[in-house]
Amino acid sequence: MTTAPGGAAPPLLRLQRAGFGYGERVVVRDVDLEVRRGERVAVLGSNGSGKTTLLRGLLGLAARTGGTVEVDGEPAPSRRSRRRTGYVPQAMTVGGGVPTTVREVVSTGRLPLRRPWVPARREDRAAVDAALEAVDMAEHAHEDVTELSGGQQRRVLIARALAAEPDLLVLDEPLAGVDAASALGLARTLAALAARDTTLLVVTHEVGPLADVVDRAVVLQHGRVVHDGPLVPELLGASDEALERLQEESRLRHQHVHHHEHETSPPPGWVSDHREHRPQPTADHPECHHPGTHHPETHRA
Amino acid sequence: MPEVLTYGFMVRALVAALLVGLAAPSVGVFLVQRRLSLIGDGMGHVALTGVALGLLTGTAPVPVALVVTVVAAAAVELLRRYGRTGGDVVLAVLFYGGIAGGVVLVARAGGSAATLNTYLFGAITTTTAEDLRVFAVLAAVVLVATFGLGRRLAAVSSDEEHARASGLPVMGLNLLLAVLTAVTVVLSMRVVGLLLISALMIVPVAVAQQLCRSFRSTTLLAMGVGTVTAVVGVLTSYYGDTPSGGTIVLYLIALFVVTAAGSALVRAARHRGHRRRHHLATPVGEQA
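Residue numbers (my numbering), protein chains in the order written: chain A, 1 to 301; chain B, 1 to 288.
Treat each hint with caution, since some may be false.
[Claimed, not checked] Stretch-level coverage of chain B by chain A, calculated; a stretch enters the list once three of its residues show a Cβ under 8 angstroms from a Cβ in chain A:
1. 34-43
2. 144-151
3. 154-161
4. 164-174
5. 210-216
If you're looking for bench data, these hints aren't it; they were derived computationally from the structure. The C-beta atom is built at its ideal place from N, Cα and C for all residues, glycine as well.
Build the full structure now, drawing on both the sequences and the hints.
Structural data, given as structure tokens:
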């Protein structure tokens, strides 16, 4: 669970010039992204920016239209990569409404690791117990999931992903549609997971209470990455206007970068449209770190 | 020994009812969860074409119906996955094609309306010992599969996308469920008839849904409800001289109405109690 010195170990997740889409339509293109073990990365973007397609592409739910995707150095999605990646969808799908307990839902997360026809072993039950504990839902284990609040249902979905003991947890809009108190509670749960070195990739249109959890932000705009670096203050609101402004600044930086590199003061960590100007992560500082950068450690509780 | 058990045909009828009552809801619970409650009807219509094909070719109708229905079930699942046609349209085509094929083929085979009726509405007392052996094997296949792979089938039925993302063989499990549905339909056609088959898969689940909190308990209670109503229905049809299929389904519907009304009343009472407690707990000055 540690990064080898000098970056010798392959990153947990590596996308190289990856594109994803549906049928003929390419939604996300040329994405380069590396996520190392223990990192907590937020993928930000407004509606239509392609962040959901990127997530679905990583999970093999949207078609790859170009480039490569690797999980721990192996091409993905494969049976193995799917089992190492825990997916937390945005909302609980309750199907036709056959009553299902919290424990039953969480247990389904363990199925890919279990052999068919064979009853659950002790370690399977222990993994489910641990997952329920991790999201603080153990005392609700025997309740019907449809009777839970939205925030509690999200916890159940997180536990379902954790039951498979994944290396990477991918969350789709974990705070969308829950009240402020539940959002704070969920953020605390994710912070606790982060403290246990769980690698997180959170797709969200708003950082909100997750600011204390994530240590790196990737911003998508019109299907391309326009920022990959620390979570700068401009991103915290991440309203559509803020993102538009960021993109405009990115464009300006691209125009002026050769002549006015010292006069213009772009937000730190910006990716210009020229790949060669992209701040490269280093082994010591996996995220881009610039003097004066707002570093997440400084405001992590 | 009760008089009814002295007749061989009634003993066979009761055993057939027991098998169907157990097996049909064990598949139905996944169909309800997948919102495919009506697929059993479509399969029943296709089974009619299979039966007619058996009559036309002079082969035993049950095995032919089994082959035709299993092939159709697999085709529907593949069309749903890879075709450009919506799932409900595929189902509609199945309904029409199955009935049309059945009616035409039965007529060609020289069958009468009476022959057609025994399959459409069930003729449990005509169950032969050979039928019973086939039904026992089919019921065993269905029960072993739904219990051995129940968690996987439930996972795919509840959240197909998550199942796919986590690496479960979604297509295979969907195909398995389609085949199990086809097998159950053929198994049930003597007891309740092709037009009422779906009822025995779905209504026991609808009853159990009102009373249970877990998937497992819902499945087990639905199987209990299916078995009791099937056996009681067959006995009632013997003493009351009514068709067995319709009698079983009417019992199921009555149970559903009672449990649905009962659970609605309980929910309303709980809600009132909750409001009253809230009212008492709120200081006078803070009440709106």
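Hints, one by one, checked against the model:
no.	hint	result
1	34-43	holds (count 3)
2	144-151	holds (count 3)
3	154-161	holds (count 6)
4	164-174	holds (count 5)
5	210-216	holds (count 5)
The structure meets every hint from the earlier list without exception.
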